[in-house]
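Letter by letter, the chains look like this.
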Amino acid sequence: MPGQVTLQLESNVATLTLDNDGKLNAIDSVMWQSLRAHMTALNDDPALRCVILRGAGDKAFAAGGDIEEFPHVRGTVDQALTYHDEWVAAALDGIRACPVPTVAAIEGACIGGGLEIAGCCDLRIAGRSARFGAPINRLGFSMYPGEMAGLLELVGPAVLLEVLLEGRILGADEALAKGLLTRVVDDGEAITEADASARRIASGAPLVARWHKQWVHRLTRTEALTDEEKRSAFAFLDTDDYREGMAAFFAKRSPEFKGR
Amino acid sequence: MPGQVTLQLESNVATLTLDNDGKLNAIDSVMWQSLRAHMTALNDDPALRCVILRGAGDKAFAAGGDIEEFPHVRGTVDQALTYHDEWVAAALDGIRACPVPTVAAIEGACIGGGLEIAGCCDLRIAGRSARFGAPINRLGFSMYPGEMAGLLELVGPAVLLEVLLEGRILGADEALAKGLLTRVVDDGEAITEADASARRIASGAPLVARWHKQWVHRLTRTEALTDEEKRSAFAFLDTDDYREGMAAFFAKRSPEFKGR
Amino acid sequence: MPGQVTLQLESNVATLTLDNDGKLNAIDSVMWQSLRAHMTALNDDPALRCVILRGAGDKAFAAGGDIEEFPHVRGTVDQALTYHDEWVAAALDGIRACPVPTVAAIEGACIGGGLEIAGCCDLRIAGRSARFGAPINRLGFSMYPGEMAGLLELVGPAVLLEVLLEGRILGADEALAKGLLTRVVDDGEAITEADASARRIASGAPLVARWHKQWVHRLTRTEALTDEEKRSAFAFLDTDDYREGMAAFFAKRSPEFKGR
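Residue numbers (our numbering), protein chains in the order written: chain A, 1 to 260; chain B, 1 to 260; chain C, 1 to 260.
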């Protein structure tokens, strides 16, 4: 059975599952293209509130790219450009561009391409025995620069180079201390905590989550905000959810947001 | 009694106290303008050596902006621009622009606008039970981008987004591990340690502290240093304090700096 | 006996030793120029695989610049420019520009110029009793901006300013938590672990290590990658080591890389 990326959509929370049975969910080229397509579609869904990414089963998030197909799918520079830029980097960029919060639920191996995917999510929640790394220096090739961007923004050049130069596998506690993870939970609890995180996110106003992502991303660019951008930061004033949030605050009750 | 920001000046160390009794020092619009005015005045004081920011009492640094006045003071985009850009962001920018070291002493609640203020200080010292967050997603509005800059520079996009998207309250140890704090001390000891930090700072040459802040801020801009800037980095050679520092070093005694 | 920087080259791993006996390896102007010259030569060696920097003995990595010569070697702005820009900053830039992985093995004092050197290495491995800081505020002069770049990229403005403004000495565990170190080992084991790290690095394909450093450094610049740069990221396809890496992977054996 070939690998696949499956989508489950429930209460406006999407769960994408990396699934490559018997290969620790290693991501093959069809899966990368499927992940890219899923993200393109999800990123256009105005009702979406949160995306959870996980691996099938509890042995791995994803053990890396599916190396067995490399001789066939990226033997030339042109093939490699298609594979790494149009499929892998584009899928990763699709995750980074996601307008709603993204949460990686990680059990077991989170290696190479799996680590790249996790590094593009907003939150990374891992079971204590999960392990992290990108030992491709032993395979004789370098990580494609277009695949490094998420990890570089997340942990900076020093930790990324540590991971790439030594090719060492890190445990979850060390990965947490180095900023690669948001939090560590007991084994088997990563998806439970990711669901709890999605509920925390969903209990807030949906547009506010989108605005927070939009503004934080905007501020990582150096140009000063224009007057028009500053005014647009107050678009919330015209929303039902702002009125509901304030009304609930003054009435000391929980708000019920509608996403408009 | 309305809220206020009080200034105490002793041995060239300024202490600014956020004080809004019965409201966990929630910062109202008058307090934001007062904070801005205090910073403008302090930033022009050539004798100033250090600024400590704290909350009145031991229950809170500041529990956030004073939400009760929001319906009155920021109902329109123009009002919101005045409130968030001219008052809040300008007060925060005044802290970031402070030419001398700034230390936040944090006990209890450090939420929303309180967290924004702490994030603009050079050092953040907190009691172990202090708590941190910005759960405004439940109020239906987003943090003004102009108020994010200090936190974004401090902890980067991943931690800032974690705080904003989940709206979770973090304890001091977790906040420390995530880079939101400089150090954690026993409850009730934050101001004691902030005073000790101010003494450490004051035992150094005052102009050197100003130069260190100036150069680190300069280097966060990407343009290469000009020859003139490079030469100006040696302005210390012409100061009494440099001669005193070297003389004390060779005589194996403590230096006595004058700030000139 | 004057201070010196000695070079030992073994199996394409260079070890540079800061050696100033009786002065905790304080780095004098001759040593800075020697360090710069060594880095210039090493950076041109296509066979080089790794550089380890260490202090002689087990009392210090380096306790700082050799302050005793300051009155003679940097009394004027022109002298200071030569000393700090042409000698110190150029030596540090030589370490940062090194095309192969650099590892600092740190026991004992790692202060001032010693901390600057360590901050320019890719990995920093320290014994548990090592200590870190830059208390030059008590000497009445400021760190030269050209010497701050490595530390600023490593830990960001907040931690760098904490170190400079308080002038406090940090233990290894605190330095690790603040991102100043890659890992902490038992006292006396820093060089052992640095050697183990060099072996991990050397077990990977040498060109891959160089490419990883090149691309991470490239991505810290903001301009988008050109098409030509993207294509050049697949130079590995033409190397014997890539073929060896893939062959070894499929044969489930260890690869033997040649660096070509």
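Just so you know, these hints were derived from the structure itself, not from any lab.
Any given hint might turn out to be false.
Derived DSS-like pairs (lysine-lysine); straight-line CA-CA distance at most 25 Å [stated by the list, open to error]: (1) C:LYS59 x A:LYS23; (2) A:LYS230 x A:LYS252; (3) C:LYS252 x B:LYS252; (4) C:LYS59 x B:LYS252; (5) B:LYS252 x B:LYS230; (6) C:LYS23 x C:LYS59; (7) A:LYS59 x C:LYS59; (8) A:LYS59 x B:LYS59; (9) A:LYS252 x B:LYS252.
Per label pair, the in silico range of CB-to-CB distance [as the list claims (entries may be wrong)]: (10) C:ALA224 x B:THR40: 54 to 62 Å; (11) B:LEU9 x C:ASP186: 20 to 28 Å; (12) B:ARG260 x A:ASP238: 50 to 58 Å; (13) A:MET1 x C:ASN12: 22 to 30 Å; (14) B:GLU68 x A:GLU256: 20 to 28 Å; (15) B:ARG183 x A:THR76: 29 to 37 Å; (16) C:ALA224 x B:ASP187: 45 to 53 Å; (17) A:THR220 x C:GLU228: 21 to 29 Å; (18) B:THR222 x A:VAL77: 28 to 36 Å; (19) C:HIS72 x B:GLU223: 38 to 46 Å; (20) B:VAL77 x A:SER203: 49 to 57 Å; (21) B:GLU68 x C:ASP186: 32 to 40 Å; (22) B:HIS217 x C:THR222: 29 to 37 Å; (23) C:ASP21 x A:THR220: 32 to 40 Å.
No residue lacks a Cβ here, since even glycine has one placed at the ideal position from N, Cα and C.
Comparing the hints with the structure gives:
1. Pair hint C:LYS59 plus A:LYS23 does not hold up; C-alpha atoms about 50 Å apart against a cutoff of 25 Å.
2. With a C-alpha separation of about 30 Å, the suggested pair A:LYS230 and A:LYS252 falls outside the 25 Å cut-off, and the hint is violated.
3. Restraint check for C:LYS252 and B:LYS252: not satisfied, since their Cα atoms lie roughly 63 Å apart, outside the 25 Å limit.
4. Among the hinted pairs, C:LYS59 with B:LYS252 is consistent with the structure: their alpha-carbon atoms are about 21 Å apart, no more than 25 Å.
5. A threshold of 25 Å between alpha carbons decides the hint, and for B:LYS252 with B:LYS230 the separation of about 30 Å lies outside it, so the pair is violated.
6. The hinted pair formed by C:LYS23 and C:LYS59 meets the criterion: a straight-line CA distance of about 10 Å does not exceed 25 Å.
7. For the hint linking A:LYS59 to C:LYS59, the alpha-carbon distance of about 46 Å lies beyond 25 Å, and the restraint is violated.
8. Simply put, A:LYS59 and B:LYS59 have alpha-carbon atoms about 46 Å apart, too far for the 25 Å limit, and the pair is violated.
9. Distance check on the hinted pair: A:LYS252 and B:LYS252 sit about 63 Å apart at the alpha-carbon level, beyond 25 Å; violated.
10. The hinted window of 54 to 62 Å between C:ALA224 and B:THR40 is violated, with their beta carbons roughly 40 Å apart.
11. At roughly 48 Å, the beta carbons of B:LEU9 and C:ASP186 sit outside the given window of 20 to 28 Å.
12. Between B:ARG260 and A:ASP238 the beta carbon distance is about 55 Å. The supplied range of 50 to 58 Å therefore holds.
13. In this structure the hint that A:MET1 and C:ASN12 lie 22 to 30 Å apart at CB is violated, the actual value being about 46 Å.
14. Under the hint 20 to 28 Å, the C-beta atoms of B:GLU68 and A:GLU256, about 22 Å apart, fit the expected range.
15. With their beta carbons about 54 Å apart, B:ARG183 and A:THR76 fall outside the hinted range of 29 to 37 Å.
16. Checking the proposed 45 to 53 Å range against C:ALA224 and B:ASP187 shows it holds: the Cβ atoms sit about 50 Å from each other.
17. About 26 Å separates the C-beta atoms of A:THR220 and C:GLU228, a value consistent with the hinted range of 21 to 29 Å.
18. For the pair B:THR222 and A:VAL77, the beta carbons lie near 32 Å from each other, so the given range of 28 to 36 Å is met.
19. Distance hint check: the CB atoms of C:HIS72 and B:GLU223 are about 34 Å apart, inconsistent with the given range 38 to 46 Å.
20. For the hinted restraint 49 to 57 Å between B:VAL77 and A:SER203, the CB-CB distance of approximately 27 Å leaves it violated.
21. Checked against the given bound of 32 to 40 Å, the beta carbons of B:GLU68 and C:ASP186, roughly 56 Å apart, lie outside it.
22. Separated by about 19 Å at the C-beta atoms, B:HIS217 and C:THR222 break the suggested range of 29 to 37 Å.
23. The hinted range of 32 to 40 Å is not satisfied by C:ASP21 and A:THR220, whose Cβ atoms lie roughly 48 Å apart.
In the structure shown, a violation is registered for the earlier hints numbered 1, 2, 3, 5, 7, 8, 9, 10, 11, 13, 15, 19, 20, 21, 22, 23, in ascending order.
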